[in-house]
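From just these sequences and the hints, can you work out the full model?
Each chain, letter by letter, is given below.
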Amino acid sequence: MELSHIAKDLNLKIKCGEELLGRDVSGGYVGDLLSDVMANSKEGNLWITRQTHQNIVAVASLKDLAGIVLVQGKEPDVDALEKASKEGIPILVTELSSFDVAGKLYTLLS
Amino acid sequence: MLGRNSISFKKRMNFVGVCLYNILLKSSRDRVTGIHFFQEMIVTLFDIIDILDAKVLVGRDQLNMEVRTAFSADLLSDVLAFAKAGSLLLTGLTNPQIVRTSSILDIAAIVLVRGKVAPDETLRLADELNIPILSTRYILFETSGRLYEHGIKGCVEKVGRDDYVSL
Amino acid sequence: MSFNYEQSFTIQGGNFTDAGVVSVFIKRTLQKMGIPSEILRRVAIATYESEINIISYARIGIIYIRVTPENIIINIDDEGPGIENIELAMRAGYSTADEKIREMGFGAGMGIPNIINCSDDFKLTSEVSKGTHLRILININTN
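Protein chains in written order, with this note's numbering: chain D, 1 to 110; chain H, 1 to 167; chain L, 1 to 143.
These are computed hints drawn from the structure, not numbers from a lab.
Even for Gly, the Cβ is constructed at its ideal location relative to N, Cα and C.
One thing to keep in mind: the hints can contain errors.
What the hints assert, rightly or not - Just so you have them, the derived chain H footprint on chain L, three or more residues with Cβ under 8 Å:
no., stretch
1, 23-32
2, 66-73
3, 108-119
Rendered as structure tokens:
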């Protein structure tokens, strides 16, 4: 499913990478520990997390993730945003919790 | 892709049966009538074992416990900041702090994801503090998704004042 | 209702295995005294985050709690590296935690903000390479 469709359906706010929303999302991954996401996420996953520092961009980029959703009203750090724009990783934000975003995305993808 | 077909038709029907049974139980207990009891689905740890194909690591005697909300996180400070009493904690962490954090917040039960088995000290502490621990092979995403589909709600309950803005 | 209680607890830095023992004990004790659950939750979170802070950063620390009919005062004194920039430490998301603390699920820069959110009054002072002093006041609303 296209990222743009998910963003619209879940009412996610786009912080960067608007031009990349045509990307296909293969599934979701919820995780706040970078080592876990590095080890277990799959290419094309939309990553749901509360981490906001720039290292999330490196992980998303190395693992070819479709994008990052920051939960609970978190905003990306300034350097994370810069890096994400440069590396072509869309960052989206929401007030919802990880559980709710995962639940809605799971339902949408089923 | 998401392995949704792995819950067989039989299991699904079984689940529907359990839910109806629970609704009837609740209606007779609370004398709730009409539409009301359809709005609030009761999910017990027994149901959750079924939904998540989970194993019970601690708390076999508490599986009748009902839960309505859940919180998914790998950061305990977030759990402390947001999780509501009586919720399920879904996490990839396995250290004893998940149990102490749950005890501090009156978290009802813990679900370990990705087939994690907690170390003995975590299990011992959970036993001592009376906090059930289940383990499922699903990733946190699918664990959350499956529970959400069965009517469990997310919870974000900010404690105390809220003057703090994230960086 | 009238509440009267005071006690001190010593906490060893680096003792991650026992992190939370004191807070769980304080919570149980106050619960038995009949402290309202909303207050109890705030006390438990504030003491727990403080305990984690001592274990993560200090050599040794003392948590002192006093419950009166009107309020709960928690004083936390530790001997340790202290905090270089208090303003930064009080901001959500700022942390100097190492990988070990992070993998345990802490060190996301939420500890002190969580404590502040649970307090009605809060004072943090620190002297670099000496230690940190934290004073938390939580009112008991009896109406």
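Verification of the hints:
no., hint, verdict
1, 23-32, "holds (count 3)"
2, 66-73, "violated (count 0)"
3, 108-119, "holds (count 10)"
Of the numbered hints listed earlier, the single one contradicted by the structure is hint 2.
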